[in-house]
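My request is simple: use the sequences and hints to build the entire structure.
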Amino acid sequence: MAWTRGLGFLAILAAVPFMRRRGGQAEAATWRRVAGPGVLLGVLVFVAYLLQTEGLARTTATNAGFITGLYVVLTPILAAIVFRHRIPLPAWIAVVGSVAGLALLSIRHLGSVHLYSGDLLVAAGAVVWAGHVVSVGRFSPRYPAWQLSLAQMGATAVLQFVVVVPVGLRPSAVAGHSVWVLLILTGVFGSGLAYTLQIVAQQTLTVVRAVVLLAGEAIFSAVFSAVWLGERLSLHQWLGPAGGPGGGGGGAAAP
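For my numbering, count along the sequence shown from 1 and bump the result up by 191.
Calculated from the structure, these hints are not laboratory results.
Since the model is a prediction, treat every value here as computed from it, not as a measurement.
One should not assume that every hint holds.
[Claimed, not checked] Here are the simulated distance ranges between beta carbons:
{"no.": "1", "residue 1": "A271", "residue 2": "V418", "range": "36 to 46 Å"}
{"no.": "2", "residue 1": "G227", "residue 2": "V353", "range": "17 to 27 Å"}
{"no.": "3", "residue 1": "F380", "residue 2": "R333", "range": "20 to 30 Å"}
{"no.": "4", "residue 1": "L311", "residue 2": "R333", "range": "33 to 43 Å"}
Cβ atoms here follow ideal geometry from the backbone N, Cα and C, with glycine treated the same way.
So, in structure tokens, the structure goes:
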């Protein structure tokens, strides 16, 4: 994970010359203001991944997938509590529909769900993910997206290297060509590009609309797993997108 975040940070850093628009003094002043929010976002990403990873080691992928997806409903609750956002009824309907769709996609066999000790860790991670989406919605309209994203990814990379270094970075584990392909895909695109695009999008989207659209990740994951990896989905799993942002206009319905 540390290698992934490090590559994500370097990817954003390499794109900085193409995104800079300000002069030296104005840019330096902006950096001083953006450092705090950016580091906060980085800490949230780090803690969320840590809780999710530790929880996944103690529960099933099915439980972890669905519980993590609960950040979709936790996000508007946090936004309403912390920032006094008023969440209209259509937004709640879209959120509930997304959670129902996530349940259908995540649970392969109805009635086969069991609770494990790791579920609490994953649930805590879902709360932190919700806090991240709410925080991005709070800070992204105020600062340049590339600076906020660079500070976020830099903080995450530093924290993960600090945690990993005592147990060893194991460079031999990433020496293979196939491993580097996966690292580039997950680091450059899945981390650097994805988180930057999220910040850019949330400069204009409401928190609820953003989180309902982010719930589409589970739909794309299930579809590509079926198409590329040959995984077979049951009937109720294929019905999942109908409840989520991929069906029923959930994303469009959320104000």
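Do the hints match the structure? See the list:
no., hint, verdict
1, A271 - V418: 36 to 46 Å, "holds (38 Å)"
2, G227 - V353: 17 to 27 Å, "holds (19 Å)"
3, F380 - R333: 20 to 30 Å, "holds (26 Å)"
4, L311 - R333: 33 to 43 Å, "holds (34 Å)"
Every hint from the earlier list agrees with this structure, and none is contradicted.
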